[in-house]
Amino acid sequence: MATTTVLTTESPDRWKYLNNILTRRGPYSDETFEPGDEPKAFLADLKILVIGAGGLGCEILKNLALSGFKDIHVIDMDTIDISNLNRQFLFREADVGKSKAEVAAAFVMKRVRGVKITPFNCAIQDKDDEYYKQFKIVVCGLDSVEARRWINATLVNLVGEETLIPLIDGGTEGFKGQARVILPTISCCYECTLDMLTPRAAVPLCTLASIPRQPAHCIEWASVIQWPKEKGDLKIDMDDPEHVTWLYTKALGRAKEFNIPGVTYAMTQGVIKNIIPAIASTNAIVAASCCNEALKIATTASPYLDNYMMYTGDESVYTFTFQHDKKDDCPVCGNLPQDLAVDPESTLEQLMEKLQERPETTLKKPSLRTSTKSLYLQAPKQLEEQTRPNLEKQLKELMEPGDELSISDPGMPFNLRFIISFSS
Amino acid sequence: MSVPGAPTAKEKKYDRQLRLWGAGGQEALETAHILLINATAAGTETLKNLVLPGIGRFTIVDNAAVTDEDLGTNFFLDDNSIGLSRAQKTCELLCELNPEVQGHFINDTIENILKSAPEKLKDFTIVIATGDIPTATLLSLDSILYPLGIPIFAVRCVGFTMTCRLALSEHPIVETHPASTVDLRLFNPFPELAALVDEKASSMDDKEKMTTHEHGHLPYVLILLQALQEWRSTHDNNPPSNYSQKNEFKSLLRSKMWNADEENFEEAIAAVLPHFNVPSIPSDTKAIFQDEKCTNLTKESTSFWIVARAIKDFTEKNDGLLPLPGALPDMKAESKDYIRLQNTYKAKARADLAVVVGIVKDLLVGLGRGSGEIAESEVETFCKHAGYIKLIRGRSLNAEYEQSPRAQVISSDLSDPTSLIHYYLGLRAYEAFISDEGNTQRTAPGAEDPIVDTDAGKLNKHVTELLDKLSITHSPELLEGTEKAIGEIVRAGGGELHNIASLTGGIVAQEVIKVITKQYITMNNTVVFDGISSRSQVYQL
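Read top to bottom, the protein sequences are chains A and B. Note that our numbering gives residue 351 to position 351 of the first sequence, counting from 1, and the numbers run on in steps of one. Note that our numbering gives residue 249 to position 249 of the second sequence, counting from 1, and the numbers run on in steps of one.
If you're looking for bench data, these hints aren't it; they were derived computationally from the structure. Cβ atoms here follow ideal geometry from the backbone N, Cα and C, with glycine treated the same way. Not one of these hints is a red herring.
Straight-line alpha carbon distances no greater than 30 Å define the calculated BS3-like cross-link-like pairs of lysine-lysine that follow:
id, chain 1, residue 1, chain 2, residue 2
1, B, K12, A, K273
2, B, K256, A, K354
3, A, K235, B, K12
4, B, K518, A, K176
5, B, K484, A, K16
6, A, K16, B, K458
7, A, K176, B, K286
8, B, K461, A, K16
9, B, K336, A, K256
10, B, K250, A, K354
11, B, K12, A, K256
12, A, K256, B, K384
13, B, K10, A, K235
14, A, K273, B, K518
15, B, K12, A, K176
16, B, K336, A, K229
17, A, K98, B, K12
18, B, K12, A, K231
19, A, K256, B, K348
20, A, K229, A, K381
21, A, K256, B, K10
22, B, K10, A, K273
23, B, K317, B, K346
24, B, K484, A, K40
25, B, K200, A, K256
26, A, K273, B, K336
27, B, K390, B, K293
28, B, K10, A, K176
29, B, K390, A, K176
30, B, K346, A, K256
31, A, K176, B, K384
32, A, K110, B, K10
33, A, K98, B, K10
34, A, K273, B, K384
35, A, K110, B, K12
Pulled from the structure, derived: some chain A residues nowhere near chain B, Cβ distances all over 10 Å:
id, residue
36, L46
37, D78
38, M196
39, K229
40, K231
With the rest of the complex left out, here is chain A (with noise of 0.2 Å):
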């Protein structure tokens, strides 16, 4: 790649404000705190990591690059669509189809002077540990449960004598949000506090097929049973009107069969792509705490959260700030396995089918182990083939009381652990 060369012709004004934490001593600064030129030097030699050019992302950006940090890096997988520019102020209409990563990259470059930032418009696990371990921060603002679990997962495993990565991850919804900052095996990680996410409360198939109630079954049966028995392997895109439409129309078809009430286009875009409601100023709000803790982490000009910000707007003004525990079971930053309790009549395929209800175990290609053999395989081919009889057998016929349950997973860089216990 080649090298960009940052104008460094500043005004030494420029950074007047923030030349005044960094030199000046504050009340409650830690001890180690050298007020001086050195945390400003440190802040511009860091190296930090963005994740997610989006509602937060923007932000996140244009903080960190007012915020003295010089050599930013981003990565974010999507383009520009119209439903983002009521709050990604970063992009304008003719931006609509382009990467997210390098446009805000090249905004901010173009605005901010003497700011590197280095744009990435590929998928947080096409790069490797190498790529990970050059950054001294990473700043996350995404919307994805799974990226999230697959970036902690890889800084926790990255934790060893020189390299401990803290992740600052922000989140949002509607006028609510949170901010969090995890240090990787010392304080609660992403994985510790997955069951503080609702489960999804799944809409059994009997209703989708046969007595659907609301606007949102008749959509679903929409897409998960009319559009694979009308469209065969077609896969939906979301983001095609042509497909959502042909799912509206079915949905209303559907709806006006059992006089249900209420079936809208939006509800439909909502339903099937799972839209959460974003505003531009929860995403502000979310996205400068995230940067005012990079901020304190990088200079430790104040001290920073531990470790844990929830911030509710829809009535009042509430932030709930608390320390999270770290989970001694957790998967992922505890070395110990969880407890299990599975009904030994039941079989290995409904307990798996059981697992995808918690947050915490809901995988896309789950393989399970025993200690002492395979249950169930996804892949070579041979052996899902081998182990695929094993799906119809009952669990007492598996495995024993006591036993030690493996779960891995191509999405994600670590195994969850379960001891076994049989429930009556």
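Model the placement of chain B on the given structure of chain A, informed by the hints.
For chain B alone, coordinates are given in the frame of chain A:
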């Protein structure tokens, strides 16, 4: 492509926010005109968060020229802006964010406008005051705007700290967006609902008259109502009232299951605790009914008070029950049975609405106004939210500063060194410092290194003066937290940190949106945020 119901270009762009405040909220935003005083980083970031969702218009008043320091904190300025009008340059770069928004700027001070053309202020929906504005100016603005009902947000953002004081006179909120508006009327079913229970559930225990499939698909609302009849017959016609009775009732439900996997009965059991409540009018709604503006309507009464009064009259003739909202949660049932139950609730809600609409018309005629002045849709929204409405009565800045400060709020927090009240006091002292007549340049405390400690001493003195004025007892021990807060404030030397300015812009914009859309519940009346401990606190001062 013209699919009926497909979104317009505007609906696509604003999709993620329309899901929060709907077309009504959006319309309110698009007709609003915001005044920003001083294009500080916090002020500009606030406008960014309002321009993006499509506020109608904004105007920036500021006579400053752009400096290098501005470029270090304000994203809506660039190298080419140096030396030019800060109002103009920020206005230009903000306008790039959304072609549908009109931006204006006035290259002048707010003091000059207050002197020469105060009537201009009447055109604004909301005024946001940021930067080093002295107390006298804030109070002059308040004297004009508060009586007109134009809300003022007085924002101060220094270093790791911010406060936002909202002066809002009277602010009724109908669409508070509660998690649920479900009222199942389990303890007092209306006749149509009782009839449906008789028809569908009376043979719930009779295996001769009901198939297993029917039994497993009875909507849980009908199960509960049928079982309640049985319970009442052995309990002096009373429903289960305490925790142990509710548990007993759950056992009764369990005994009525025909097999262990009847989900509808499980749903019924789970609904006992959340839905078995004696009907009552929530305290916020009751306070609104008892408000003088509700009991004494005048020709000038706003539609909120007229509809509130109509609903009050309705409840008095309706056994103290509010109009039925009509919502029904999903439950295991055959499609047709669920829809029928849903329609039973909806029909009752419509009938209640019709009665309220009638009362509204009578009230309007009685006041000598047109009977059609209030749209039925407005009454309908009100009826659906009658149990969740809120009224915020704020306080003017003049009331806080000059007349009867709520000293109790401050004194009760003072002894806690971690309380954020210390930042409030520190920033009031900051304001006193820049308002000092001797400080003609409005130099901020801690502006230069050698005077940091001297200025901290001056701020501490301002705090003790304020506390004395409020007759709040204080001592060096009590003011330990305040002294630290002041230490942080002078450390910043009057400067904004971009992160805190941006966070401030987010908090203030959320509140502005809530006030303009009259949706969700607005903060009342002062929020303090501390970026060191990442905490906020709201005080009613």
